[in-house]
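The listed protein sequences correspond, in order, to chains A and B.
Residues in the first sequence are numbered from 107 upward in steps of one, following this note's numbering.
Residues in the second sequence are numbered from 3 upward in steps of one, following this note's numbering.
Keep in mind that a hint or two might mislead.
Stated by the list, open to error - Chain A stretches covered by chain B per the calculated footprint, using a threshold of three residues with CB under 8 Å from any CB of chain B:
hint, segment
1, 309-316
2, 407-418
3, 493-507
4, 581-591
5, 776-786
No lab work stands behind these hints, which were simulated from the structure alone.
We put the CB at the ideal spot given by N, CA and C, even for glycine.
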Amino acid sequence: MTARFVRTRKEMEGRYEDVWVLVDEEDDVETWPHDAELDLVGKPAPRLDGTVRASGRAQFTVDVRLPGMLTAAVLRSPVAHGNVRSLDIDAALATPGVRAVIGPESVLSLTRSTPLLVAEPQYAGQPLAVVAADTSEAALAGVRALALELDVLPHVVDAREAVNEHRFTGDPADDSRGDAEAALAASEVTIELSVDTPAQLQVPLEPHAAVASWDGDSLTAWVSTQGMFSARDELAAAFGLRKDDIRVLTAFVGGGFGAKQGAGFEALAAAELARMTGRPVRLVNDRHAEMLDGGRRAATHQTVRLGAGRDGILTAIEAEAVVAMGQGGWVFPVLNPARTLYRCADVGALTFPAKTNLRAQNAFRAPGVMEGTAVFEQAIDELALALDLDPLELRRRNHVDVDQVSGLPYSSKQLLACYDRAAELAGWDRREELRAPQADGLLRGLGCATQIWWGGGGPPSHATVRLDSDGHAVVVTGIQDIGTGTLTGAQIVAAEELGLPLRHVRVVGGDTGPNVYGPVAGGSQTTPSVMPAVRSAAAKVRKTLLQLAGDVFEIAASDLEISNGRIRSHDGAIDADVTEVTGKLGSATIDGSGSRGPNPDGFVVNTFGCQIAQVAVDPGLGEVRVERLVAVHDVGRIVNPLTASSQIEGGVLQGLAFALTEELVIDPTTGVPVNGHLDDYKVPSIADVPEIVIDYPNLPDVNLPNVGSKGLGEPPIVPTAAAIANAFAHATGRRPAALPLTRARVLETLA
Amino acid sequence: MVELRVNCQLYEVEPFGRRLLAVLRDDLELLGAKLACGEGACGACAVLLDGRPVNACLLLAEAASGHEIVTIEGLSAGRAASVQEAFVAEDAVQCGFCTPGQIVSATALLERVPHPTREEIHEAMAGNICRCGTYTKIERAILRAAGAA
Numbered sequence: 107m108t109a110r111f112v113r114t115r116k117e118m119e120g121r122y123e124d125v126w127v128l129v130d131e132e133d134d135v136e137t138w139p140h141d142a143e144l145d146l147v148g149k150p151a152p153r154l155d156g157t158v159r160a161s162g163r164a165q166f167t168v169d170v171r172l173p174g175m176l177t178a179a180v181l182r183s184p185v186a187h188g189n190v191r192s193l194d195i196d197a198a199l200a201t202p203g204v205r206a207v208i209g210p211e212s213v214l215s216l217t218r219s220t221p222l223l224v225a226e227p228q229y230a231g232q233p234l235a236v237v238a239a240d241t242s243e244a245a246l247a248g249v250r251a252l253a254l255e256l257d258v259l260p261h262v263v264d265a266r267e268a269v270n271e272h273r274f275t276g277d278p279a280d281d282s283r284g285d286a287e288a289a290l291a292a293s294e295v296t297i298e299l300s301v302d303t304p305a306q307l308q309v310p311l312e313p314h315a316a317v318a319s320w321d322g323d324s325l326t327a328w329v330s331t332q333g334m335f336s337a338r339d340e341l342a343a344a345f346g347l348r349k350d351d352i353r354v355l356t357a358f359v360g361g362g363f364g365a366k367q368g369a370g371f372e373a374l375a376a377a378e379l380a381r382m383t384g385r386p387v388r389l390v391n392d393r394h395a396e397m398l399d400g401g402r403r404a405a406t407h408q409t410v411r412l413g414a415g416r417d418g419i420l421t422a423i424e425a426e427a428v429v430a431m432g433q434g435g436w437v438f439p440v441l442n443p444a445r446t447l448y449r450c451a452d453v454g455a456l457t458f459p460a461k462t463n464l465r466a467q468n469a470f471r472a473p474g475v476m477e478g479t480a481v482f483e484q485a486i487d488e489l490a491l492a493l494d495l496d497p498l499e500l501r502r503r504n505h506v507d508v509d510q511v512s513g514l515p516y517s518s519k520q521l522l523a524c525y526d527r528a529a530e531l532a533g534w535d536r537r538e539e540l541r542a543p544q545a546d547g548l549l550r551g552l553g554c555a556t557q558i559w560w561g562g563g564g565p566p567s568h569a570t571v572r573l574d575s576d577g578h579a580v581v582v583t584g585i586q587d588i589g590t591g592t593l594t595g596a597q598i599v600a601a602e603e604l605g606l607p608l609r610h611v612r613v614v615g616g617d618t619g620p621n622v623y624g625p626v627a628g629g630s631q632t633t634p635s636v637m638p639a640v641r642s643a644a645a646k647v648r649k650t651l652l653q654l655a656g657d658v659f660e661i662a663a664s665d666l667e668i669s670n671g672r673i674r675s676h677d678g679a680i681d682a683d684v685t686e687v688t689g690k691l692g693s694a695t696i697d698g699s700g701s702r703g704p705n706p707d708g709f710v711v712n713t714f715g716c717q718i719a720q721v722a723v724d725p726g727l728g729e730v731r732v733e734r735l736v737a738v739h740d741v742g743r744i745v746n747p748l749t750a751s752s753q754i755e756g757g758v759l760q761g762l763a764f765a766l767t768e769e770l771v772i773d774p775t776t777g778v779p780v781n782g783h784l785d786d787y788k789v790p791s792i793a794d795v796p797e798i799v800i801d802y803p804n805l806p807d808v809n810l811p812n813v814g815s816k817g818l819g820e821p822p823i824v825p826t827a828a829a830i831a832n833a834f835a836h837a838t839g840r841r842p843a844a845l846p847l848t849r850a851r852v853l854e855t856l857a
Numbered sequence: 003m004v005e006l007r008v009n010c011q012l013y014e015v016e017p018f019g020r021r022l023l024a025v026l027r028d029d030l031e032l033l034g035a036k037l038a039c040g041e042g043a044c045g046a047c048a049v050l051l052d053g054r055p056v057n058a059c060l061l062l063a064e065a066a067s068g069h070e071i072v073t074i075e076g077l078s079a080g081r082a083a084s085v086q087e088a089f090v091a092e093d094a095v096q097c098g099f100c101t102p103g104q105i106v107s108a109t110a111l112l113e114r115v116p117h118p119t120r121e122e123i124h125e126a127m128a129g130n131i132c133r134c135g136t137y138t139k140i141e142r143a144i145l146r147a148a149g150a151a
């Protein structure tokens, strides 16, 4: 390898940092052109671990069973803000079967640092103590024996109240440019819209969970996480160990959706209790704990004012967001859609991160941008109404090819094609006919919304490929496949480049042991980060294989090609199974390693799309049904259309639920969530699903390294709620001041 | 001690007032059925009790004695195999955590109604939550398995 360090920009959910990355100059494979004839890439392939997942044999963290393993249970704060008066640790330790207890006074072994637990809880559900015992029943008995007594302190759960009292998790952010106030005053047409968006819970069906087992000063941790390497590094820092002393295993993860970052409280507490007892410890959240302390998309109060000329060209954007942060966390880019979706020189953007007595908000699929789009794209429709202009036409007139913040061009953008295709698939030209009175008494409408998200990925990301004498390859990656199908994507890309059948390529992920780094499964970055590394590694193996084939067949390697497991010469004289070459390897292997190259200079990488929803509203019952949803997203090249459509359907459904049913309701008097259970927090079931129609421009981004794909996890959730709310407004002529569109809210709005 | 008949085998278990799911997972190490909500609201713990899907997280283990219990591990042949194949072929599996419960419910549906309509599928499967949102493909997989059966 010819190594050098380069400085590049790395993006994660809209945050940029400049990092040094190691680049191998031999990683210079060119992107397959859009019309390349590919055997496997772009063709539907069932996921490689589908059978294991469908048979009940997939071992999730909650399924790990080790000899002598203890089970931990957590005592959590029952109040939004309080002060622990007494906690009877001795009584808990005296409970039969209890082996160890940690409480607010405890410090971590080895480093004696990082208190995990607090004596003054700041939100309902905050951990106060953890008990490890022989059985879960004994652990729960130990928790009861703690006989918690606490003083209740005043709380704030209303974000507006927090702002009035100047309670912030950080400084309010002003991301304005130009002079929006003056531009608004000078605009020919103006509108103003205020909408509240709900706190939405990720609800992975496998809750946060960890199992920790020590062997001397080496720790093995099974963690239900989206980021096994960050989990490893956090555990190393907490216990003062080298990274190599820790192995994190995460073969199967029962959903994350952003909530499962790093080691989490669960892995740290399990590791500490395992250290104290000398036995493996498992800690699994129960559902109520998961819903109070697993994380959430923060509720927001947003106001958007728009100004435009009579011609529909935007002249001013003013947007404000109050974000109910809870105790902290990143302030996600709620106003990014307002700042970047359309051309506008004068933009006001103020974000207030309100500190409330709730758990710190965390990532949930397209954090910030989704809830920002849900309001901003409704405001765009209000402007279309004020201008008496077709909403899609208004969006087309304000289309941009350069990023409005940096002034740099996009690396690729097929948004106009997405508009056209979505309009065609949705029957947009019959939009007004839908509103005619219907025999079933329902009010129908069509609404659209535009999507912007990042999803370009970047370095660092690595892969190795090893080909054996049977002509079979194993690809080692740093992927944790949380259900996205990215391991299968790596199989497809490696098999394509190697010229092998899919079934001859195995992919390893979910284990930090091999120390082949991959990024956290978040920010829609796995496919664009990992696939180029996989292809580079496979390309090196292919090159060596063809050189060896040249030796075997006594022909120049450049006259040979390989596909579907056969090596052929261009003149047709040679047509041999790959094992005729690899069979001579004996116990040797052909190895290659690859790295993700840097992102292109001078471009901004984003994904784009358009969704159009058709809704039917029952004006008597207040019920809103989404009948059909068209989703067209530009995410570069599609590696596997089968799993890609699964990502779109999943994102759309979570967006639909945000629009219609999901909301964590908090009792203002106690500050405690009142619907922290799956039977009163309504996630969609099979009966709630609309017809979902999917298409893509499917053109590779030639400015991205060697595969030309962008990420797809987040884009589909971004525009769904706005499209549904716009369809509701189209159907009814009313626009509710808050989401979700529950029956009560709909009836109030229509009254 | 009570006797439980699980996947055609007899087990003597001490229920200690626990739910069937706890006995299956903790005592018998049958780990296919999952504890996801513990509230009977998601179906990840579905097993068959005399051929009908039940939420094992709610049913007391003692109450299951005297009945025929089948878990995902016992559903390997015949119709269940075609359901599993259809789930994989249609990509009705994302993270896979709810999948054992989905397969149990889908197999029970097809035993009862070999050629279900969309409405019958929605009715039978509405108690099985999939947070990844594979529902469109679950419906397609069940229709596919019905065609193959």
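Now for the hints, and whether the structure bears them out:
no., hint, verdict
1, 309-316, "holds (count 5)"
2, 407-418, "violated (count 0)"
3, 493-507, "violated (count 0)"
4, 581-591, "holds (count 4)"
5, 776-786, "holds (count 3)"
Comparing the model with each earlier hint shows violations of hints 2 and 3; every other hint is respected.
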